[in-house]
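Number of protein chains: 2
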Amino acid sequence: MDDQAGQRRVVIIGGGFAGLFTARALRRAPVQVTLIDRAAHHLFQPLLYQCSTGILSEGKITAPLRELLRKHRNVECVLAEVTGIDPERRQVHARRPGGERMEFGYDYLVVAAGVEQSYFGHDEFARYAPGMKSVEDALVIRRRVFGAFEMAESATDPAERTRWLTFALVGAGPTGVELAGQIREVATKTLRSEYRHIAPEDARVLLFDGGDAPLASFGPVLSGKAAAALTKLGVEQHMHSIVTQVDGTGLLVRDKDGKVTRYEAGTVLWAAGVAAPAVATAIVKATGAKCDRGGRIMVGKDLTVPGYPEIYVPGDLMCLDGLPGVAEVAMQGGLYVGGHIRHAAEGHPSDKPFRYRDLGSAAYISRGSAVVSVGKLHFSGFIGWWVWLFVHIGFLTGFRNRIGAILSWWFAFTRDLRRERTYTVREVGIVRDVYTSPPPSPANDG
Amino acid sequence: MDDQAGQRRVVIIGGGFAGLFTARALRRAPVQVTLIDRAAHHLFQPLLYQCSTGILSEGKITAPLRELLRKHRNVECVLAEVTGIDPERRQVHARRPGGERMEFGYDYLVVAAGVEQSYFGHDEFARYAPGMKSVEDALVIRRRVFGAFEMAESATDPAERTRWLTFALVGAGPTGVELAGQIREVATKTLRSEYRHIAPEDARVLLFDGGDAPLASFGPVLSGKAAAALTKLGVEQHMHSIVTQVDGTGLLVRDKDGKVTRYEAGTVLWAAGVAAPAVATAIVKATGAKCDRGGRIMVGKDLTVPGYPEIYVPGDLMCLDGLPGVAEVAMQGGLYVGGHIRHAAEGHPSDKPFRYRDLGSAAYISRGSAVVSVGKLHFSGFIGWWVWLFVHIGFLTGFRNRIGAILSWWFAFTRDLRRERTYTVREVGIVRDVYTSPPPSPANDG
Chain Y
1 MDDQAGQRRV VIIGGGFAGL FTARALRRAP VQVTLIDRAA HHLFQPLLYQ
51 CSTGILSEGK ITAPLRELLR KHRNVECVLA EVTGIDPERR QVHARRPGGE
101 RMEFGYDYLV VAAGVEQSYF GHDEFARYAP GMKSVEDALV IRRRVFGAFE
151 MAESATDPAE RTRWLTFALV GAGPTGVELA GQIREVATKT LRSEYRHIAP
201 EDARVLLFDG GDAPLASFGP VLSGKAAAAL TKLGVEQHMH SIVTQVDGTG
251 LLVRDKDGKV TRYEAGTVLW AAGVAAPAVA TAIVKATGAK CDRGGRIMVG
301 KDLTVPGYPE IYVPGDLMCL DGLPGVAEVA MQGGLYVGGH IRHAAEGHPS
351 DKPFRYRDLG SAAYISRGSA VVSVGKLHFS GFIGWWVWLF VHIGFLTGFR
401 NRIGAILSWW FAFTRDLRRE RTYTVREVGI VRDVYTSPPP SPANDG
Chain W
447 MDDQAGQRRV VIIGGGFAGL FTARALRRAP VQVTLIDRAA HHLFQPLLYQ
497 CSTGILSEGK ITAPLRELLR KHRNVECVLA EVTGIDPERR QVHARRPGGE
547 RMEFGYDYLV VAAGVEQSYF GHDEFARYAP GMKSVEDALV IRRRVFGAFE
597 MAESATDPAE RTRWLTFALV GAGPTGVELA GQIREVATKT LRSEYRHIAP
647 EDARVLLFDG GDAPLASFGP VLSGKAAAAL TKLGVEQHMH SIVTQVDGTG
697 LLVRDKDGKV TRYEAGTVLW AAGVAAPAVA TAIVKATGAK CDRGGRIMVG
747 KDLTVPGYPE IYVPGDLMCL DGLPGVAEVA MQGGLYVGGH IRHAAEGHPS
797 DKPFRYRDLG SAAYISRGSA VVSVGKLHFS GFIGWWVWLF VHIGFLTGFR
847 NRIGAILSWW FAFTRDLRRE RTYTVREVGI VRDVYTSPPP SPANDG
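As they're listed, the protein sequences go chains Y and W.
Per my numbering, the first sequence starts with residue 1, numbered consecutively.
Per my numbering, the second sequence starts with residue 447, numbered consecutively.
For reference, chain Y alone in the conformation it holds in the complex (with noise of 0.2 Å):
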């Protein structure tokens, strides 16, 4: 693309939601736009647990970033690892695939890289209790749940079996409680008589969490519905509960009176928290900015750094106001962003903060079950699940993504089947051997 003469020079840092409609809002401005991410998708998270269950394809809850922006002239995407800012030169330093340096010069920079999952200080449980934020972790989650059921039927020692078909959960937020009730499912009606020496539908799917119920966020009614949905289910619900070790073979849990119990599992996945990736600490290292607790960004009104007006930080890695991680707050954080920006290259600057317009939540309990919250009004059950149905298929991104998902979940909900579900003796293998071989290092290897 040709440098436009005495055109501003913006980029993005990420092309989740706010990445992606930073730079789709910024279509008709007079800027050059640089978008950089590590993928070279754009991935639907909301419904990354159907992929790491083996409903939808990669395909399906993902699209190029270059083919959804390549009608932007305007916008160059680059792949490649963002490793530091240098808020005083303006510039943002990575690295393209293989290790070369590139240096990218702005005047706007939207820091959009979404956060990672934190282990609160314990990153060695990482390699037995992977968590699941991009299309890679959901393919591991994957192997491992389908590779369980594989090695609890080839196991000859009664414990071990047991071992195999016990999953735990961490965390009873929206990913922990769909991952629950998706195992429950794919146990009791994906691999119903695919097994010879197991009874699949014996698996147990325990479900941790610290606080009160389960998707304590939907508030006390349909956090309700979903515990009496989950235990209608299977699911067994182990609230006010503290994840203090993991190992190859199992978890310790302190409960609310003090007593730590121990649970063998062989997959144990993690659901629990959030941390910044480090672009984030290097951001606030060099502009001094203020984080909270999980090392989100404190922006002002109009989702800038205080002090760097030209520094944005819009999606799941601001923090403003005690707005949630959610898909929709980072869609109208980009719009907004890109917006302001626009404004002020065309000369004529915006002082109109950013207002979120609320509107609802929903979660996938099970085939016919969901809770969903829009304002005021409360679904759950067979309506919450149409409702969700709709919402989903709605915010896909883009048609033919809508109609395979239409496709697949049409298949899974009237014939049982989840088809994308490839695995070798190698993958379940390198799944078996977490839990045998020494922790690499550094421990983290998710």
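Treat the hints as calculated values from the structure; they're not laboratory data.
C-beta atoms are modelled at their ideal positions from N, C-alpha and C, and glycine is treated no differently.
Watch out, some of these pointers could steer you wrong.
[Claimed, not checked] Computed footprint of chain W on chain Y, listed as stretches where at least three residues anywhere in the stretch have a Cβ under 8 Å from a Cβ of chain W:
(1) 266-279
(2) 407-418
[Unchecked claim] A short list of chain Y residues far from chain W (calculated; beta carbon distances all over 12 Å):
(3) A80
(4) D107
(5) P158
(6) L206
(7) K225
(8) K290
(9) D292
(10) D321
(11) P324
(12) E346
(13) D358
(14) S361
On the provided structure of chain Y, position chain W as indicated by the hints.
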């Protein structure tokens, strides 16, 4: 599954077309069947190149073996790697994921293990020039092909950029021809408008083969039409050409006059020859069976190994009457073997020899162009393409995969969409590192 007293035990090695069709033909036979595969899925190999170029997801060209055989109550699937065979004690040795040994006794053994890629004694080429036999291979190739355009985009050296935009294919059989056509389509259609510093349609695709013409096995008429269609598509064909060296940045090729030329190419893909897997070599050694140059085992008219009437070899690994290693031969061989075993187990052995009914062959060149040969009938161009479409829809495994493939084809053909192409900096970096780091030992990491 409870052992049925007195029932014969059948062990099938491999869940490809030959193994799966053997198991299916044994559905109502009074035998206990154990199907061992190192993958959990049956693969529809004729469409693997569409997985490696982003049109179809893994789930559309595979189906879980357990799901396909769940109603076959006399069949047990085992996810394991076969490590050896003892024909005297009639035992198969294997390892489950993670490494523990397993043993399976048999009364009948069906060796349907298929073939691997052959580098004609140059296994050190494998790390630079991956072959395409499994889903894992296809995903490696997908990252290499799409990653090469990324590397070209971010290259600053013009020579490096040109190298990344050059793709070399070794072998002009169906796989090489189909990959060549797909890469040109990716470059000219899918990636159109996606890049800012390169013109993807500049990508050169070089096709090398030692023979006279591409798709020589289809006969001179169709072969000529295929060559013309490839030329029109922009594929540069180098026939009578032997690849003598492959390294990190290109390959050496000797033409029929003995002249050796070097071609710089960032991506080299191998589709040139087949070799027997270790399990076949073990059988040859243990039984004294004869094999051809490619390691395929010579069998009698009943597809058994001479001197071992209880060991059958159907499929790609079978050497009989010059029959080609194609899906149709494997399906018919599997059905024959299953029937033969059933008759024997029921106490009235059959002496009917295997007879192959040639249903023709087909190769896809590009959108709207294919060559199909059915007996004396030949189809090419647009008509050939429609025949190809109906044949492949008809043979795909299961209604769900058929309707999903039709949907993906619709979007690929009408809107140039290839949505199954997720990759990250790390994954493209691995591709890149293959070209810069010293080879591992053993040399073949493919």
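Subject >> Structure-inconsistent hints, enumerated in ascending order >> reply: When the structure is compared with the hints, numbers 1, 3 turn out to be violated.
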